[in-house]
Amino acid sequence: MNRLDTGLIERLEEKFGEAVKPRESIDFTTIVVDPEHLLALAEFLKAAEGYQMFNDVLVVDWFPSRPRFEVVYQVFHPEKIMRLRFKSFVGENQPLPSLVGVFEGANWPEREAYDLFGVVFEGHPDLTRIYLPDDWEGHPLRKDYPTGGNRID
Amino acid sequence: MIRLTIDDQEIEVREGTMIADAAARLGIDIPVYCYHEALGPLGACRMCLVGVEKMPKLATACTTAVQDGMVVHTYGEAVDKGRKGVLEFLLINHPLDCPVCDKGGECFLQDYTFQYGPPKGRFKEPKIQKVKDGPINEFVLIDQERCVLCQRCVRFMDEYVGEPQLLLDGRGVETVVTTVDGVPATSQFSGNVIDLCPVGALLSAPYQHKGRPWNIERQESVCTMCPVGCTTLATGRDGHIVRIEGRPVPDRSWGWLCDRGRFGYDYATDPTRLTISFLHANPEAAARTTRQVGHWMSDVMRDAGPDSIAVVMGGLHTVEEAHQVHAFAKNVIGTSRLSISRDVPGYVPRVLNGTYADIADADTILLVGVDPYEAVPVVHLKLRERQKSKRPVKILAVAPRDLSRDSLDVNTLITHAGQEAQVLGWALSQGMGTHPAVKKLAATAPVGVADEDLTALSEALGSSEHLTILWDGLQNEVGSVLAALADARGEKATRILPTWGPSNWRGFERAGFSADFDALTSLLEDARAGKIQMLMTFGADLLREYPDERLVREALQKVPHVVFEGLFRPTEPSLYGAQLPQAGPGEVAGTYVNMEARLLSATPSVTPPGQARPVKSYLTAWAHALNKPFVADDDWDPYGDDTADLLPFDGIQAKVWALKPPNLGNASGMELVTGALVIENGIPSHILEPRAPKFPGRISPQDAEILGIVGQGLVRLGKDGREIRVPVTVDERMTPGRIFVPLGMASCPVNRLGLGAVEVARLEEVPTT
Amino acid sequence: MILLQTIFLIIKIVLLIGILMGGFAYATLLERRLLGFFQLRLGPNRVGPGGLLQPIADGLKMALKEDLMPNGADPFVYRLAPVVALFAALSVDAVIPFGAPVHLFGLTVYLDIANPSIGLLIAFAFSSLGVYGLVLGGWASQNKYSLLGGIRASAQIISYELAMGLAVLGVIMTTGTANLYDIVVYQHHHGWLWLPQIGAFLIYFVTGIAETNRTPFDLPEAESELVAGYHTEYSGMRFASYYIAEYVNMITVSGLAVTLFFGGWLGPWLPPIIWFFIKIGIFLFIFIWIRATLPRFRYDKLMNFGWKFLLPAALIYFLATALFVSGVL
Amino acid sequence: MATKEMRAERDPALTDETMVINLGPQHPSTHGVLRVRLTLDGERVVKAEPVIGYLHTGFEKTAETLTYQQCNTITDRLDYLAPMTNNLAFVLAVERMMDIEVPKRAQYVRVLFSELTRVASHLVWLGTHVMDLGAMSLFFYCMREREVILDLIEAAAGVRMNPSYFRVGGLAYDLPEGFHEKVRDFLKDFPRWMTTYRNLVDGNPLINERLVGISLLDRQTCYQYGVTGPNMRATGLALDLRKDEPYCYYDEFEFAVPTRTQCDAYARFWVRVEEIYESMKIIDQVLGKISPQGEYATTDRKVSLPPRDEIYGNMEALIHQFKLVTAGFPVPQGEVYQAVEGPRGEMGFYLVSDGGPKPYRWRARTPSYYNLQTMPIIAKDGLVADVITAIGSIDIMLGDVDK
Amino acid sequence: MLDGVKAIAKGMATTFKALSEPRDTYPYPEKRREYSPRFRGKHMLARDADGHELCVGCGLCEAVCPAHAIRVVAAEAPSDQPVSWTSRYSVDYEVDLIRCIFCGMCEEACPTNAVRLTPFNELAAYDRETMIADKEELLRPAIRK
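Residue numbers (this note's numbering), protein chains in the order written: chain A, 1 to 153; chain B, 154 to 922; chain C, 923 to 1251; chain D, 1252 to 1654; chain E, 1655 to 1799.
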């Protein structure tokens, strides 16, 4: 079940050096990458390593620790049937490069991340809210977003 | 320092530390029932078994002191087995009560069984039957079947509070916790055993079956019953507060509460609570009251100018609300007649610098007039903890009545009522007479006080390295003495804690009000002179709170428009043109200030009842009526820029002036002595009714004999043609010739008479209450 | 005499409209019940025995519904369109003979409203008018779906009208008359025309379905694409008018098919008028059956089918008939 | 095009003769509240932009307030036509994080219901897709057999649509009595109905011309957009998580992964139809492997509820019941991504736990969301009718898309 | 061309055959389908053999309800007139059937087997108040207010 891409970490470290750090995980290869190298890493993974199938972009809010957002990308290797997760940590007002140029499918998930968490992706063709109305205030999936609201009887 | 290893983590701790505490510092959770840091180790429950290398058997972490090089394992096969065994034994006779037990969901027995216990017990034998739902007193229920005999409650009452009203009875499986001789526990700290009980054995009677952890809202709050400012957790359900629990704050508080604070939460639903607004005590006009007040305001401002509107701020508002009122009065009305309702001794704040840490650090503690047990109960616990600690402490008192009791050893210098300043001043001049500040006091020798007592007091004041003073604030002149004392003691720490409440005025200073003693008096005198057209009181029932009732009454009768905003109906509703309901503590978010001048944030757990609204909504409505902009500065933060939560008092200098000799009155009557009683602080509570003293007045047995009172009776106190009736009881600790009547009781308003000598006569009829 | 004829005429008009309305009402019921049965359901059976009163309930519902008009719609055209559709649909039936002529009070009463010698052409002329109702309604609704529906309707009906006209020309040539009464009489003598004119009949039937905008040619409505096409915005009795028009058109197309190819009222044992309606009923059943089975054409495929297949096929068949009639073949 | 260019020469302002039309959010064939903003040139689609969010209910936020066992009820509602596979992905993720051993029989039952749910989901797709094309009856025929499957689900789980039958640790209840026979009856009866369906669509020129060559979705686009499931397999890629990342002992079953290479709606159509046959094969094999009654959940009482008779007499069991239902079980800190092959593609859950009884982050990687994203590509240059075909043929589920 | 006609004919034949298949729907109120014994419909509060309520108001159902549809208010039972089999009972027990998702977790959670989901499922009502089933209603299953 857990297929690990042997040698991938070494190849990545060779290419990106300190910017890429492997992270222990119970499911599949996970690496943490500096936001500056995110785009380059994604391109490298897609072009050179064959992780050409996009899987997901999602955000975890670690409020109140800093940097608060953990942006997780998942890609898939359709020939080797292997998954790879890479993530970057960004602060509240820190933009992240958009991966739409590499994986077009990142379009909606990035919009979703912007909509629900307020993570800004630079270079996104249409970074607008996707689920919520355009005039919505706040980003509901943030941990500090007030819940409860009014009881409707 | 000792180094040891717990679960592969190394830690260095002080010698004598228990393994449990060392583990807690590492964040390792060791289950335990009997151990509580404030109560010390016992080793009764055997729950905290840990494996220690080189020890043949498992050791209890709460009683085993650390040793150098110790290697401790808090998990592993042996430990798990030990814990499973202990839990299985604890549950042999435990009734299947989880569904009906109020503790369900907050119960350590459940938590530990789920975490460490066996999935299924092997005992099928019938369980031993014991008393269920038996009362400890009116507030605490005991279910002996559920008890795991950790003895926390017994030890708390016995060792910590010093009122041994609970004990362990019986042997073996028949052992139960019960009250002494079946007499209900009377201690005003009895409620704490509910918090202490790790299982569902001791339960709150008022909270019985009221809520569950999942259907309640628990918010961090602050107790506003007295100036101690205990941190609490307020539990709200369905729009009502149903429970108050203590909230420990690391290094500051164990989370103890007195029963007043713990069970007095039902004031919010009291029938005397104002929930709709009135015009001239006329409920019909409720809808337009707020608007009508705005019209009055506009009329007065047009006809008599803004300065004829006076604003008095009471103590149960948050600091933020005070700030809004101040901003409204200054910017929208433009009046300068602003005051705080309590007669704040404006000349002392410079030296009101004590904190609770000063009680723990002091070598001498002086109580001026205040009986901590009655007025600020949790401070009493702090004093007792201080007295029990290894370092010696002297607790002195200068008061018109004996303040010593079984649980606290206080060396009281008994003075005449109103003579405290003179006694202290004279004692000061005996020891430090050369200091210019003391000279300025020009103290004269007091009468009726033994010289050796004065000398002892003088020595204690002079020699103490860390002197902490608790002052009841009833006699203004004491402030002058304390200022001189602090001045004269120079570098040596002199810390003063004001014990009169509510203590929010210290926060109101930050909100913009000036803490000037004469402000309220001159404001009332102006009102009596007809200079004020409109008086607005926020959360202050002046008739009950101000020391001179006559002045207030005359002033209120003179002012055409009196607006009252408060939690409860005012003492004499007919004096007020409009009454508006206040959103009280637990209903508004905000900051309160305690006697340490510490800012304490409270989060609301319920919404205000009826038409009660935060002050801001009234202010906004009036500003609308006045056609003036009012922007409530919601971003204003009483904490200011600095993150410290203790308010600084830099602006006002301590004042020292010559003491006037006290007026001790004619010898024929008795001396009226008074003091705060937290249970009678003017906030009604149905739950606490059994605790409220039916005979609040106290007289000495000798006087009782003279008056012909046996046990309890009703007396009439008279002075200058004014009189009050007081039900009294005989108190051994009272000095002959003194009668004690608590402050602020609506049934016997002591402020109608004022301090000093009064005529006392027994009334034949016995009050029916 | 003229008076009597006039009275008969009025009675016939009233009867015809009554029959058509009743036919429409029960055609809807028949359709819904039948569709139910095709789809393993029961269909409407709650109102009256077996749902027989359902049409009345529907009619009441329609009559009581609020008449809505979208903002920005052209009020005159919007109101006019359903009337045009209904008028056109009803008018066609004026020339279709329902049964053999009967003799009453010494008069030979033809069971049609009018019996012009160019009856067939009149029928075609009026049925072509119907498309105006659709186009105008779609245009006037101020709704993009309706507009698309209206446009589709006009294009579709124009495309299929040609093939349809060519198909029936074969009948006219064979019988030598455009009078529907005479066509039936011809069939009485020479046998029903469906077998000799099988190609024409098939083309007529397919185009007939298209003319009535039924599945698989229901593009102007196209529930799953255009919501309801040209009548998306209509409600109440105006919607009912379109609804009636559709079903009356179905009856008309069936009636013409019966008249032209299946011997009209001809048939043994039963009275002619019953035969006529039985034949119409069979056609209605087939309409419904097709609807239950077939998916919808795509718009461009529909046009291709009409222009590239039906029209040449109709032309070829027309040519063949012409050659046959003229004795060349 | 020529005419357009000619017009442009005359008056550049007139070149834009497009019309924007909102397909949805209330539309008969958008299968929920999808809105597609179509830019039309006549009936030809110039641009199709899906606008979503009309069904957004904030499941991800809600889940953060619920215990893991309660979260299960939310997963039902994502892709409500295939609730069991959603359940499965979620419980497998939690089980993986907690490292729980689930009885093999329970895993087989999970396979059984996953496949039943896949058949049911494909039946709804078949019915609605063909109904979108205009043919009505097939929908009802499909519903008839789906009803049989729902009855089976009801017999086991108690409800038809949102069963929450799989729980962390196993199943909520054991299989009911006579369940095997009921499934066998279904298996016996169903092929006849499959023939009926095929009779209606097989070779039907009207259907074929609506599907062949329509809404092309090629393999690169699938890679780019993360399109999975039958849509991807219609590009000739035999990727199926049941084979490639087997869970629940799927590797013990024999089944094929149907693929086509035409990349069009027709290919997707037949991939799905063939998948129904493969699922039937699996169901048949599962029935041979499981006993009618037996172990259905882990006996670890720190995860699954104690048996009811123990609750009434045993203190430890009562406490475990109390804590499990009120507080839930804690899940070790960490993160996990677990995907299963749902009827619509890769249904995955990314869970982050902070060690508490409620998920810290609950992310559903719902296949329809990624499949729908290709809408602008597959609907472009088609006709309005092809947009409908496209929506139907990528088989989206708005509960899945909007979360 | 011919294949197409044949396919269409096959389709037509299929639908025609359906006319003779058994109907798959019921005339609902007269004939109802049978539900599985596990069917989760409206809630009921059970009583024991003596007629005492089994519910003790412990609120586990309230805690476990993922939709927050249940509200329980408990109280000490009057000692002279036992309502439940123990000293505690539920004064107020409301199930908001609008919110309820019929997941059956309350039934699983109940430590006294008091809450049960009956197969009764005809829940439609004209207003929201009716959809909130109170205790009285729940004690008599299958009856709407």
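Where hints are given, some of them may not hold.
Covered stretches of chain C, as calculated for chain D (at least 3 residues, CB under 8 Å) [unchecked claim]:
id: 1; stretch: 958-969
id: 2; stretch: 1134-1143
Here are the simulated DSSO-like pairs of lysine-lysine, each with C-alpha atoms no more than 30 Å apart in a straight line [stated by the list, open to error]:
id: 3; chain 1: D; residue 1: Lys-1494; chain 2: B; residue 2: Lys-234
id: 4; chain 1: D; residue 1: Lys-1532; chain 2: E; residue 2: Lys-1685
id: 5; chain 1: B; residue 1: Lys-207; chain 2: B; residue 2: Lys-285
id: 6; chain 1: B; residue 1: Lys-592; chain 2: B; residue 2: Lys-547
id: 7; chain 1: D; residue 1: Lys-1355; chain 2: B; residue 2: Lys-273
id: 8; chain 1: D; residue 1: Lys-1553; chain 2: B; residue 2: Lys-280
id: 9; chain 1: A; residue 1: Lys-143; chain 2: D; residue 2: Lys-1355
id: 10; chain 1: D; residue 1: Lys-1355; chain 2: C; residue 2: Lys-1066
id: 11; chain 1: A; residue 1: Lys-80; chain 2: D; residue 2: Lys-1494
id: 12; chain 1: B; residue 1: Lys-781; chain 2: B; residue 2: Lys-769
id: 13; chain 1: B; residue 1: Lys-483; chain 2: B; residue 2: Lys-711
id: 14; chain 1: E; residue 1: Lys-1685; chain 2: C; residue 2: Lys-1230
id: 15; chain 1: C; residue 1: Lys-1230; chain 2: D; residue 2: Lys-1312
id: 16; chain 1: A; residue 1: Lys-87; chain 2: D; residue 2: Lys-1355
id: 17; chain 1: A; residue 1: Lys-46; chain 2: D; residue 2: Lys-1631
id: 18; chain 1: D; residue 1: Lys-1553; chain 2: B; residue 2: Lys-273
id: 19; chain 1: D; residue 1: Lys-1609; chain 2: B; residue 2: Lys-237
id: 20; chain 1: B; residue 1: Lys-280; chain 2: B; residue 2: Lys-207
id: 21; chain 1: C; residue 1: Lys-1223; chain 2: E; residue 2: Lys-1685
id: 22; chain 1: E; residue 1: Lys-1685; chain 2: B; residue 2: Lys-363
id: 23; chain 1: E; residue 1: Lys-1685; chain 2: C; residue 2: Lys-983
id: 24; chain 1: B; residue 1: Lys-277; chain 2: D; residue 2: Lys-1553
id: 25; chain 1: D; residue 1: Lys-1312; chain 2: B; residue 2: Lys-273
id: 26; chain 1: B; residue 1: Lys-645; chain 2: B; residue 2: Lys-684
If you want a taste of the chain D side facing chain C, the calculated C-beta under 8 Å gives, among others [stated by the list, open to error]:
id: 27; residue: Val-1284
id: 28; residue: Phe-1391
id: 29; residue: Thr-1512
The set of hints was computed from the structure by calculation and includes no laboratory data.
If you're wondering where the values come from, they're calculated on a predicted model, not measured in any experiment.
Even for Gly, the Cβ is constructed at its ideal location relative to N, Cα and C.
Hints versus structure:
Counting residues of the stretch 958-969 of chain C whose CB lies closer than 8 Å to any CB of chain D gives 4, which reaches the minimum of 3, so the coverage claim holds. Chain D is given as covering the stretch 1134-1143 of chain C, and this holds because 3 residues of the stretch bring a CB closer than 8 Å to a CB of that chain, at least three being needed. Between D:Lys-1494 and B:Lys-234 the alpha-carbon distance is near 43 Å, which puts this suggested pair outside the 30 Å criterion. This hinted pair does not check out: D:Lys-1532 and E:Lys-1685 have alpha carbons roughly 35 Å apart, beyond 30 Å.
Restraint check for B:Lys-207 and B:Lys-285: not satisfied, since their Cα atoms lie roughly 44 Å apart, outside the 30 Å limit. About 27 Å separates the Cα atoms of B:Lys-592 and B:Lys-547, which keeps this hinted pair within 30 Å; it holds. About 24 Å separates the Cα atoms of D:Lys-1355 and B:Lys-273, which keeps this hinted pair within 30 Å; it holds. The suggested pairing of D:Lys-1553 with B:Lys-280 holds, with an alpha-carbon distance near 25 Å, which does not exceed 30 Å.
Among the hinted pairs, A:Lys-143 with D:Lys-1355 is inconsistent with the structure: their alpha-carbon atoms are about 38 Å apart, more than 30 Å. About 57 Å separates the Cα atoms of D:Lys-1355 and C:Lys-1066, which puts this hinted pair outside 30 Å; it is violated. With a C-alpha separation of about 13 Å, the suggested pairing of A:Lys-80 with D:Lys-1494 holds against the 30 Å cut-off. Distance check on the hinted pair: B:Lys-781 and B:Lys-769 sit about 15 Å apart at the alpha-carbon level, within 30 Å; holds.
As the CA atoms of B:Lys-483 and B:Lys-711 are separated by approximately 24 Å, the hinted pair is consistent with the 30 Å bound. Of the supplied pair hints, the one linking E:Lys-1685 and C:Lys-1230 is violated, its CA atoms being roughly 53 Å apart against a limit of 30 Å. Taken as a hint, the C:Lys-1230 and D:Lys-1312 pair is broken in the structure, with Cα atoms around 58 Å apart against an allowance of 30 Å. For the given pair, A:Lys-87 sits about 35 Å from D:Lys-1355 by alpha-carbon distance, which is inconsistent with the 30 Å threshold.
For the given pair, A:Lys-46 sits about 27 Å from D:Lys-1631 by alpha-carbon distance, which is consistent with the 30 Å threshold. A distance of roughly 11 Å separates the Cα atoms of D:Lys-1553 and B:Lys-273; the hinted pair therefore holds under the 30 Å criterion. Of the supplied pair hints, the one linking D:Lys-1609 and B:Lys-237 holds, its CA atoms being roughly 26 Å apart against a limit of 30 Å. Restraint check: the Cα-Cα separation between B:Lys-280 and B:Lys-207 comes to about 39 Å, which exceeds 30 Å; the hinted pair is violated.
Straight-line distance between C-alpha atoms of C:Lys-1223 and E:Lys-1685 comes to about 46 Å, which puts the hinted pair past the 30 Å bound. With a C-alpha separation of about 46 Å, the suggested pair E:Lys-1685 and B:Lys-363 falls outside the 30 Å cut-off, and the hint is violated. Distance restraint check for E:Lys-1685 and C:Lys-983: the Cα-Cα separation of roughly 27 Å lies within the 30 Å cut-off, and the hinted pair is therefore satisfied. Proposed proximity of B:Lys-277 and D:Lys-1553 is supported: the alpha carbons are some 22 Å apart, at most 30 Å.
Restraint check: the Cα-Cα separation between D:Lys-1312 and B:Lys-273 comes to about 36 Å, which exceeds 30 Å; the hinted pair is violated. Of the pairs offered as hints, the one joining B:Lys-645 and B:Lys-684 is violated, with about 48 Å between alpha carbons and a cut-off of 30 Å exceeded. With its C-beta approaching chain C no nearer than about 14 Å, D:Val-1284 sits outside the 8 Å limit, and its interface hint is violated. At about 4 Å, the closest approach between the beta carbon of D:Phe-1391 and any beta carbon in chain C falls short of 8 Å, and the interface hint on this residue holds.
At its closest, the beta carbon of D:Thr-1512 sits 24 Å from a beta carbon of chain C; the interface hint therefore is violated under the 8 Å criterion.
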